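Engineer: Keeping their order, the protein sequence lines are chains S and P. In this text, residue positions in the first sequence follow the working numbering: the first is 1, and each later residue adds one. In this text, residue positions in the second sequence follow the working numbering: the first is 1, and each later residue adds one.
If you are wondering where the hints come from, they were derived from the structure by calculation, not from laboratory data. Small disclaimer: the values here were computed from a predicted structure and weren't measured. Do not rely on the hints blindly, as some may be mistaken.
[To be verified] Okay, derived cross-link-like pairs now, BS3-like style, lysine-lysine, Cα gap no bigger than 27 Å in a straight line:
1. P:K14 - P:K112
2. P:K129 - S:K119
3. P:K32 - P:K92
4. P:K151 - P:K129
5. P:K29 - P:K14
6. S:K119 - P:K151
[Said to hold, decoys possible] Covered stretches of chain P (chain S as the covering partner; in silico rule of three or more C-beta atoms under 8 Å from a C-beta of chain S):
7. 97-105
8. 127-138
The beta-carbon is built from N, C-alpha and C at its ideal position, and this holds for glycine as well.
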Amino acid sequence: MPTDHNDAARETELVSCPTARTLQLAELSEEMIMEILLRLPARTLVSLRSVCRSWRNLISSPDFTRNHLRRSCLHDPSLTPLRIVCYNSWHFRSSGVRYHGIGVVSLQSIMDNPSEATKVDYFRGQRNYRIVGSCHGLLCFFDDHDYQTTHGILWNPCTGFTFQSPQISGQTFSSGFGYDHLSDSYKLFGIIRKKGPSGVEYSTRIYTFGSTSSWRRIDDSPFDLLGIPTNHFCFF
Amino acid sequence: MSGISDTERMITLKTVEGTLFDVKSSIAKDLKTVQAFIDDSDDDVTSPIPLPNVFTRELSRILDYLNNHHRFRSGIEKADEEMARYDAEFAKSMSHEELKALILAANYLNVKDLLEFLNQTVADVIQNKSVEFVRNFFGIENDYTPEEEEKLRNENEWAFNGVEQD
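Chain P extracted, bound-state conformation (with noise of 0.2 Å):
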């Protein structure tokens, strides 16, 4: 696989901050908003497709997955390697707001993959983290009185157990 090949399509989309990026259709296809907006346009797509909702660092963060997946699945052999380190450096080189921001962009995108393994990251940070951890990365606030809060830990008792320190 060596460049773009003369049938290959360029998309152009424009982020929140008006910051244009020159896609291979390849590449937008993985992108399913974008794709059916493609799609749903009767005569070819020229000019650049807005997209209200997508900052460009989230943009640049997506379009550097892809890529790089893209990359790992038409090579040889050790792939799979490689492409988990690319993953594992991916989900640790963002703090928890890029994260929320990154599954925001993704979601309203429709990019599936991408989702499955941003979903699954942060299950595996909240998971044995305190119930005041997770509230305060969803910015949830506690609608509970304090003996229901009471109450509950008294059932939940078991569960409880092995919590990390935050």
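Next comes chain S alone, as it looks inside the complex (with noise of 0.2 Å):
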């Protein structure tokens, strides 16, 4: 059909019958599209990613991201809710296999269902995990491979997101995990116990969660360092 007598056939209608809505509806916007979707809790904005392809889009965005986080911490909590982290291991006899894991759990649905079996999001692996801290709904915890080398690892609950360091070899024995305002990054922070050929070796680190990053020596660092640094990082 022509679009030239739509058209004019659309205009036509307008002139003669003002009230009647013969335009047809304007769909909302991105930015208001966003607008609703920032008041949304995490897990609901996880599924909405299947909507379309833009909305996985602005979702994903680094931008919507931190734009959500703030706004759970100032306005809404319940945006981010409370959960519990635990850690367990499971051995199954017949095979002799271990498996260890990081089990998170929403506090809420513990609270309202208590007589019922809680839905468990886990983290599963056959070696051992130590949780180092969490930090806007981050967990981070070490992957000891042995007792010879460890890698860091960033996970999201939420949206199942991982990433891993690179390898360091020795063990870490205090560490903490927190974000840098300043630099808009997630920094894992260790002090490593290594066997050298002189005898016990110690030296503090600090890796910032990134593709093209490795572990920074710091070498001016106390070693008696007892604080271990919570959520926010505190230069030394």
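Two chains, two frames, a set of hints: combine them into the complex.
Structural biologist: Okay, here's the thing in structure tokens:
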């Protein structure tokens, strides 16, 4: 059907019937949709990535996530609800295999249905995990391969995203995880203990999560560090 | 707060359909787009201000909301309860199409508080609904291939639990 005819017909309708809604109602713009999505809990947003490609791109964009986080901290803590982290291990006698897992469970779901089994989200594997800390809904833990090497893992239990640091030889015995406002990045800190040629060596290292980063050594840190930085980094 | 004071000016607004609305200047202040138009005018605005994107039904609802909220705010006690009840009724009285139309109008007129309320209302509506429901609500076409959709569903398995029936 030629569009000229339709446009002409539509114009005529408008003039003769001004109260009729003959105009195609415009759909909401992306900015308007974003304002609505910012008010939804993280879990809902994860499933809404399936609506269409532009929604997936919007929801996954760093600007959106930052906005959402800020909103939930300032206005509505229920958007990022309190969760409990637990560490479990299972030993299967038949196969002799031992599995380890870090479980995340929503506090609200336990309180709402105390007598029912609660769903737990797991990060599973076959190695030893040591939880370092959490920040902005991200969980950070060390994955010890054996007593020789280890690496750090960043896990988002909500989206399933994980990121691994490079391996480092030795064992960590003091560690901290937090967010650095200045560089807008997440940092993992550890005091590493290693058996060297001349005995046991200690080094203090920081790793900034990112694809081009490595463990940076801090040479002048005091050894007898007692405090573990939580959530926000104190630089010394 | 009794009737219109001598110093309270009236502004006239005209909708798409040509309907005229007389609005107190104190209320017009909440329509930031209109207020900006008034501020930018060198002389006093005497002729009706045309609102080419706003229909009568929407302007009527917006003014109703603003008038009531002004009334609640200027009252004494118990206003919070009344206001909450009014807001709930207000939201319930609209279909999904009407809700979207109101957001568009409130966005164009830049009515901040009403927009906050409407955005939260829509968020509450879609919160536990299926992806298909959300697509219908916003008039969005699915541009994923079936394989991509399946992959996304599997990745987000835990997020799909607890979704209400449409």
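Engineer: It remains to establish, for every hint, whether it holds in the given structure.
Structural biologist: For each hint, the structure was consulted:
1. Among the hinted pairs, K14 (chain P) with K112 (chain P) is consistent with the structure: their alpha-carbon atoms are about 21 Å apart, no more than 27 Å.
2. Annotation: proposed proximity of K129 (chain P) to K119 (chain S) holds, straight-line Cα distance about 20 Å (limit 27 Å).
3. A hinted pair counts as satisfied when its Cα atoms are at most 27 Å apart, and K32 (chain P) with K92 (chain P) qualifies at roughly 26 Å.
4. Taking the CA atoms of K151 (chain P) and K129 (chain P), the gap is about 20 Å. The hint holds against a cut of 27 Å.
5. Taking the CA atoms of K29 (chain P) and K14 (chain P), the gap is about 16 Å. The hint holds against a cut of 27 Å.
6. Proposed proximity of K119 (chain S) and K151 (chain P) is supported: the alpha carbons are some 22 Å apart, at most 27 Å.
7. Coverage of the region 97-105 of chain P by chain S holds in this model, with 5 residues showing a Cβ closer than 8 Å to a Cβ of that chain against a need of three.
8. Restraint check on the region 127-138 of chain P versus chain S: 6 residues with Cβ-Cβ distances below 8 Å, three needed, restraint holds.
Checked against the numbered hints given earlier, this structure breaks none of them.
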